[in-house]
Structure formats: C-alpha cells, structure tokens
Amino acid sequence: MLVDYIPVGIMIVFGVAFGLFMMKASEWFGPKNPNEIKQSIYESGMEPIRSARERMSIKYYMVAMLFIIFDIEVVFMYPWAVNFRQLGMFGLIEMFIFVAILMAGFVYVWKKGALKWD
Amino acid sequence: MNITELFAIAPIISITIVSLIVLLVEALVKRSEGLSYWISVVGLVVTAYFAIATLPLIGTAFNRMVTVGGFGSMFATLFSIAALLTIILSKDYLQKEHANFTEFYLLILFSTLGMMLMASAADLIVIFLGLELMSICLYVLAGFLRKKVLANEASLKYFLLGAFATGFLLYGIALLYGASGTTNISFIVQNSSTLSASPFFWIGLGLLLIGFAFKVGAVPFHMWVPDVYQGSPTTVSGFMATGAKAAAFAAFVLIFLHPQSENSEQVKTVLAVISAASMIVGNIIAISQSNIKRMLAYSSIAHAGYMLAGLAAGNQLGKTGILFYLVTYTFMNIGAFGILSLLEREEDKNLTFDDYAGLGFKRPFLAALMAIFMFSLAGIPPFAGFFGKYYVFVAAINANLTWLAILGVLMSVVSVYYYLRLTVLMYFKEGDMQIEGIISKTSLAVLTIAALIIIQLGVYPSSILNIINNLN
Amino acid sequence: MHEYISYIVLLPFIGFLINGIFGKKFSEKFSGIIGSSAVGITFAIAVMIFFEMLKLPVEERSHIVTIFSWIAAGSLSINAAYQVDQLSILMTLIVTGVGFLIHVYSIGYMHGDKGFWRFFAYLNLFIFMMLNLVLADNFLLMFLGWEGVGLCSYLLIGFWHDKKFDTGGYKTGEATTSDAAKKAFVVNRIGDFGFLIAMFLIFNLFGTLAFEDVFSRASAIIPIGDTTMFWITLLLFLGATGKSAQIPLFVWLPDAMAGPTPVSALIHAATMVTAGVYMVARCSVLYALAPASMEIVAIVGIATAFFAATMGLVQNDIKKILAYSTISQLGYMFLGLGVGAFAAGIFHVMTHAFFKALLFLGAGAVIHAMHDEQDIQKMGGLKSKMPATYKTFFIAALAIAGIPPLSGFFSKDEILWKAFSDGSVVYFIIGWITAGLTAFYMFRLVSLTFEGKERWSHDKHPHEAPKVMTVPLIILAVLSVVGGFVGIPHALGGGNAIEQWLEPIFKRANLHLATGHHSGLTTEYLLMILSVFVGVAGIYFARKLYLQNPELVERLTTSFRNIHKLLWNKYFVDEIYDATVVTPIVKGSDKLLWKGFDVGIIDGIVNGSAKLTAWISSWMRKIQFGAVQNYAMVFVLGIIIILGILILK
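Residue numbers (my numbering), protein chains in the order written: chain A, 4 to 121; chain B, 67 to 538; chain C, 1190 to 1838.
Isolated chain A (complex conformation):
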C-alpha cells in the first residue's frame, strides 16, 4: 500500500528541492552590483512610509470572496458540458436548478448591497 505513495513522496521532495534550487540559483548566477537605490524596497516605486500591516476595507474582501465563490461554481459546469449529450434532458434540468440556486444567492448578494463599492 505504502509503495503506491512513492510517486507522491518523490513529487513533494522534487517540488521543494526545485523551489530552493531556483532561489539559490538566481543568487549564485546573477550579477551583484548593489547600490543605494537598488537596496531600497521598491527600486522604481514609492518609498513605503507606513506599516504594511494595515486594515483593508471590508468591501475588498467581499468582492474577492464573491469572485472566488462564483468562479469556482463555474468549474462545475465543465464536466457537465463534456457529458452533456449523455445526460440529456435530465442533465439540462439539473443544470438549470444549479444555476437557479446560484442566481438566488446572487440576487441576495446584489440586493444586500455587497457589490456596492460606496
């Protein structure tokens, strides 16, 4: 049984090693000419003047969460689309139900003003 997991183990080891290797590789092979401007955090941006641990508007999270939710729901449509012919009429009705439930949630979100930025 345990043998079946060997590929997974190799994958993990390889993944970690590759990541570390790439970081170190750029350190080794890249030219190093440090100067004051290069040492600053954003070479061509603004100087950070406040703490990075800052509160963000809740609206940002709202939109982000809603995006993820509806984005992921769409993923479920791919396998359905692939098997659309075999599923036939029943599948179509099922998908309508699925979308209807999604729409109910969407209407709720919209009417509650979660999408308003102001």
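Some clues are possibly wrong.
Dumping the calculated PhoX-like pairs for lysine-lysine here, alpha-carbon to alpha-carbon at most 20 Å [unchecked claim]:
#, chain 1, residue 1, chain 2, residue 2
1, C, K1214, B, K428
2, C, K1696, B, K428
3, C, K1303, B, K495
4, B, K428, C, K1213
5, A, K114, B, K96
6, A, K115, A, K62
7, A, K119, B, K96
8, B, K96, A, K115
Just so you know, the hints here were simulated from the structure itself, not pulled from any lab data.
Given chain A, work out where chains B and C should sit, using these hints.
Below, chains B and C alone, put in the same frame as chain A:
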C-alpha cells in the same frame, strides 16, 4: 437517475426550496421578518410532513450518494421539529434582544438542511458537505447578537476550533479513501476486516471519530461547549445542543453502528473511554456552575457521554437507545433553553441559579414546565429522559461494558444534584425575579407541547420505539 | 373482580388530576372530599377483590392483568401489567386503608392551610405511585412507582418550603425544609442507583424483567450461592436501604419529619418506607439463592434496629423519636426477611402500619393542640386535655412495646422467634435488647407528653382535636389491638392465618432455604415470656424515671455525658457523610476538576510544553488566540491518545 429519486429525497428538496424562498424574500421585501417567520414555520411543517411520508422508503439514490427513507427520514423529522421549535421560541427572544433579522431564520433553515444531509448520507463526502453547511451556519448564529462581547468570543472560538476539527475530519476521509479507494460508507464498512491491515484505515477511522466527537461535544473535544453555549443566543444554544448533536450522532451511527459490521475491540475501547470521560467531566463540573446556561452546557457534555455508551455497546439495543435518547433529549433541552430565553434579560441577567429563586410562586406554570424538563434531564421516571438512559445502559451491559453502565448510573445520580438545585430554588426559596419583555402564548404553547411529549414518551415509550425499530 | 385492578390504580390518579388542575378554585371541604373519596373507593374495591380471592382455591388467587404493551425494543419487551396476588393485595389494602384514614385526618389537620388542595393532590399522586409499586408485575414498573413515591415524598417534605427545622445539632439554624427534601431525594437516588444496576444485571441474566419469568427461571437454573445473584440481591438491597432508611442510608428519614405530620404518618412510617421490605420480600426467591446477601440483610436489619433505638432514647422532638422508632422497626422487618421469615416481615409491615400511623397522627394532634410545639420537654399533662388522643396513643405505645395481645406483640415476637430458630442467638439477644429500648423510649415519650406536670406556658390552650381527626385515631387504635390476631402463632393455638395466606408467594424461596432446626415449643414459650418481660421492664423504668424521678434523669445525663452527646448527635453520621462524601465532591468539582483540570492542569501542560517547543509558540503567540490555543492543545492530546489506542491496539 430519474424523477422518483427526487421524490425520495423530498424532505431535503423541500427544506432547500424553503430556504431559497426565505433568501429571496429577505433580498426583495423590506421588513421581511414577519413574512419569513411564517414561511419558515409553514415550510418546516411541510418538510416534516415529507419526512414522515418518506419513512417507509428503502435504498439509496443519486448514485449511492444518499440513502432514502428510514433512518434519514426519521432524523429529518426530528431536525424539522427541532428547527420549528427553535424558530417559534426565538421570536420573543430576538425581539427582546433587538436582533429580529430574517438572516436568523435563513441560517437555521440552512443548517437544518446540512443536518438532514448528514443523517441521510451514504457517502463520506455527503457527510462532510452536510457537516460544513450545518457548522458554518452555526458559527454565524453563535455570534448573532454581534454587539455582545461574549457572542463574538463564542463565534470566533467555535469557528476556529470547528475549522480545526473539520480539518481532521477531512483528513480522515482522505485517508479512508486512500486505504479503500472509495468514499462509499457501505463499502468501507463491509470490507473493514480486510482494510484493517492498513494503518491508514485506522488513522482515517480515528480522525473521523474525532471529528464527530468534537461536534457532539465529547471529552476531550468539549472545551468549546461551555463558552459557545454561553455566548450564543439562548435558543440557538438549545438548537446546537439538540439538532447539531443529533446530526453528529446520526453520522456516528451511520459509520460505527452499521448493521453489516461489528466494531472492533479497540474502537469499542475508544468510544467507551470517551463516553466515560464525558460523563465524569460533564457531570462533575456542572455541579460548580452558577450560570444555568453553562450548567446546561456541561450537562450536554454528560448527555453526549450517555449516548456514546450506547454507541460503544455497538448493538441493536444501543442504536435504538441512542435514537430514542436523541428524540427525548431534543424536546427536553430545547424546552429548558426556551424557558431560559423567555426569562433572560439584557446584559445576561436572570441566567444564574439564584435568579430563579421563587419562580414557582411568581410564574407557577413556567416553573412547572422547567421542573419537568429538569426531572427528565436528570432521568427520573416517569419522564422520557429515564428511558433514554435506561436503553443505552442496558445496551452497554449486554455488550459486556458493565463498568460503563455502572459509571453512567452513578454519574446520573450526581447529576440529580444540580438539576434538583434549580427545582429547589424555584419552589422552596423566596426570590424576586424581574421579568421583562413579552412571553407570548405561542411560546408557552410550544413549551407545553414539548413537556407533554416528554411525559407521553415516558409513560408510553413504545409510540416512538415502534417507529425506531421498524427503520431500515 | 381482579380485572378491576386498573381502576384501583387509576382512581387516585384521577383524584390527583382533579385537585391538581382545578383545586385552586375548590373549597377546602370539596378538595378534601375528592381526595379522600378517591382513596376510599379504591380501598373498597381492594376489599372486594380480597374477599373474592378468599373464596377462590389457593392456586387461582394469583392473576396478571395486562393493561397495554409498554415497551417493545428488540429483545426488551415489557408490559404495563399488574400482578394481583396474596402479597400485592395485602399491601394494597394497607396502603389504601391506612391511606384513606390519613386522608380523612388531613382534612382536619390541614384546615386553613393555603396549599390545602395542593396537599391532597400530592397525597393522591403518592397513593397512585405506591399502588404502581406494589402491584407492578415487573421490575421496571416497580421502579417507576419506586421513583414516583420518592418524588412525592420530596414534594411533601418540602411542602412548607420556608419553614426552618431543627436538624438536631447538625447545621442548626440554617437548614430549611427544602434542604431536608433535597437530602431525602439525593440519598434515595444513591439507593436507586443500586436498584437500577441490579435491574440491568437481571435483564442481562434472564432477558426479561417480568417477576414471574425472572423468578421461575432463577429458581430453575441458578445454583445457590451464585456470584451474580449475590451482586444483584446486594444491589437491590442497597435500593431497599435507601427507601427504607436502613444503615448506611438512614440519614434522610429523621430530617424528613420536617414535612406535615400526616405525610410523616402515611409516607415516612406506614407505607413508602416499607417499600424496601416489600421489594425484598417480592424477590424472596433471588435472596434465597444468595445466602450471603440474606445474612447481610439480617445484619444490617438488626444493627439498624439497635442503633436507631439508641438514638431514639435521647431525642426531644416528638416526631424525631417516632422517626427513629420507624427506622428501628424497619430494621426488625429486614431482620425477619434476612433469616428467611418473609411472611413475618410482611406481617410486621402490616401491624407497624397501624400503630405507627396512629402514633404519628396522635403526635400530629398534640402538635396541633400545642401550636406547633414539638419539644416534649415543653409538654406534659396533656392527658386530661386530650383524652381521646391520649388513650389511642397509649394503645399504640403498648402495641409497639410488644405487650400481648396487641398487634405488635405477635408480629415482633414472630420475627424474634424466627431470628432465634433460623438465624442465631446473637440476633435474638440484640433484638430482645432493642425491644426493651423500644418500650423504654416509647413510654418516655408518653410520660413526658401526656402525664406528669404541665411544662407549657399558659397562653396555650390545648384542646382535643376535632372529630374528623379523632375518628381515624380510634379506628387505627382498634386495628392496633386486633390487627395481630391474623397471625397468632401455632404455639398459642392460633392458625397463623397470615403466614398461610402468604405461603404460595414464598413457596419457591422456601424450597431453596435450609429448613431451620425447629426448637421445641418450650423454647418458644420461654422466648415469648422473655420478650414480654423486657417490654414490661422498659415501660416500668420509663415511667419510674420520667414520672417519679426526673432529677435522676438529669444526673444520668451528666454522668454519661459522652454517650449522651454521641446519641444526641446520632453518632455523628451526618457530619461524617458531609466530610467524607459531600464536601469532597463539591470541592472537587469546583477546585479540582473545573478550576484545576480545565484551567490549571491544561494551562500548566500548555505552558510547560510551550517552553519545550519555544520555536512553535514564538509564532503561535503572534496569532493571539487567547484561551483557544489551550482548547486546541487538549484537542491534540485527545487525538494522540485515540490514535494511539487504535493503532497500537
């Protein structure tokens, strides 16, 4: 797949539609609380009707994802009734707390849907799905009175620990899948003897057990219970203690009391140890509580312990016992929390034992109901609570767990002390409780019905036992 | 006729419902009539059933009347059924007969009380539960009645909830009747624990809980001296010690006297406390199969009889004395059961019900007349003021002292005789001494209360109780006199009718019991004379001391100060229980388990391991979880343990 399958899961569909209607009503209608309350009540009655109507069905549906009828329908009935009682009792409470928002009904309905999915699952994934739906709604409900510090604490603690437990549960499911190549419960259970060679199977099973033990509030996964029950809206605490606990026990029974297999010795040991620890810790700590909500929280840990004794027994009688226990426990606990919610005042006043002094003279009817609930919780015949305990302990003795039964009876002797304390205060001490807000006739009627059901099930337990024994 | 048994049980319940629901609006008289007639009619039906049974041949006297199928869960199937036989009908007659008289008496006694209707509702509920207990045909229904009478007893002890009561030195001044009620309930639950476990074991062993099946199977398959049977009978006896106030669970009964006096008479003297005796007698077969348990029953019985009698010697509360006397007499009954004289034990239940109910009701009349004064040191000379009460009380005292031909003589003597012939000489000697003590403290009570000088202030005007109270007293007095004639032993030319009547019930048990070596008639006569002598001696000394030489009492008390203190404080049993059981549990809950385990130890473990695993906690602290991290820590510990058990096996 065909249309008959849709009818077979009518209770689940019905509660889904009701939830969606309430969702849309909330979005589209202004000041929708009254309307959604009625939709929820009617919808839950309809759902309960479907649940009862589907009781005789047998088999599975949707590619062996859910079972239909029987066990699942019985639980669906129980959940609908629990939700119905909770919603009706909450109305007064929410108005008093200035928190009568439609979302409350919505969350109760969705969590009920989650519970129903858990109880009728034929696949581990469906159990997980139901558990998450139920839990996420309950996390929000725990913090529903968001202006209270305790409520925020409750919600956050419940969420963090709940997420922690869910992680283990999911990991357990993954390991079981790894060991067996399927998430189908029947398949895993039937092949448990061959699968048990793999350590993954045992770790997976153990993690599954831990996930459910967390949800029922068994020791040592009980630490959240007192804080959460104390901080949550009182009626929600009642709902958590009954509905959510019942759902987790349903999942427990589905996997650990499967008719086609027997638990191995070590699973039996684990369950017996958890059961014993819960009975001891719950009952003994409950003695020193001064807040009744916390007392009921610890007592609910103890009750989980009693029911786990039936699970540890692992026989048919144990299963009957757990189901009967859950039915009776639902009524007596929602009743007790319901009375608390009616008498509670702002800033958590009227929640300590001392506040209840003299209630027997001031509100004799409410006090009598509370006394019935307390006596039943203490397991004193002729109230239904006695028979629940009776079955699980007989089951434990039949399974050669005599020590566990003796411990259980001993601990229920201890429990008499704190249940009786409330009764003594209500009837035998003078006091002056200030009652604010409305105590509507509807709430009183609901509580009376709950009390009558407790007496009816105590005097004539066969009425429900016949249904339980004829389940598939 | 026996099929009417369900009405017997139902009538008091209907009475309870009527008074309980509408009682508030009723007049006192109407509530009283409803309550009393519910029990009265029940008694009448029971009498008719009894006479019908008398006419039937012996084999046809036992019937089981099934009301409905109560529980059917897999292998567990129990009917709600009543067993009408010689034993249960006798108990029914006692419960309803004495119960009816006490109901009537209560109409007078409770006159003017604001909870009058409530009182009758509870009394009726009690009768209902008690009938379930004695008529049940299976352990579960019996347990239901068993718990039910406990509940009623609890409600009735605390009837005057705010009344202070004197615990006799222990926690004086702070106790109220509600504490007494709670104590009774909790102590009883300890006994019930034994009963429940025994019931589980019986079910496990025989697969049924119906008496008839259990007893016939036990009789057929279980060998004498079986270990399981020993535990079952011992646990059942633990239940009996709780309900019947025997060592070690007798502490609640004296405190239970805080309830209204008719309650003390009915529940805490005549009926409920004899439930333990009834239960052991009912399970006689099981006890016959466990000789070791029988021995324990006998020893506990005789020890209780003796110790309770000594405690009764020094009490000053009229009801407390009677309470200790009840405990002591119950001890006699258990002695009888323990030596295999089941019929004698039940016989004593019957006679005791008559004279002890009478004593309590008489005491109630006195307390009533003295305006709630219960201290006998503040009474005296009531003879002339309350002649009817005095006479009936005197008869009852003679009966309990075992003076022939009153009822107490026959039943007590039967037990002592059986203790001698089937038990051992030691039982007899202790029982004999106890009989002397009984006579002594009873006549101390009579002398101090009714005779001698008046020691009460003259703003009190004691007067005879109304007719409604004295008539029950007179009836009970008659019964106390003639009640023993049903059990005149063969030695005195009687037929011992009661033993014959009960014989079929105990037939199976007697089969298994080694038949005692029957000592001759001469011995029996001799023992009889001895016990009459000790009774007379007790009476003589009590009268001599308390009527003629009161100063001698003072001197005796001071010279035996230590013994007096020990007896006065009831051997400090309450204090010992408090220190060894109650306090540790309450403290343990508060300090150890809650603050200690959940807060202290867990935090300690967390703190300790936090040091060990500093690098984990350094980033864990940044995410300020507060106490939740401790919770999660416990959680993880649980996981490790559970997975450990599962994997390591």
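Consistency of the hints with the structure:
no.	hint	verdict
1	C:K1214 with B:K428	holds (18 Å)
2	C:K1696 with B:K428	violated (56 Å)
3	C:K1303 with B:K495	holds (17 Å)
4	B:K428 with C:K1213	holds (15 Å)
5	A:K114 with B:K96	holds (11 Å)
6	A:K115 with A:K62	holds (13 Å)
7	A:K119 with B:K96	holds (18 Å)
8	B:K96 with A:K115	holds (11 Å)
The structure shown violates just one earlier hint, number 2.
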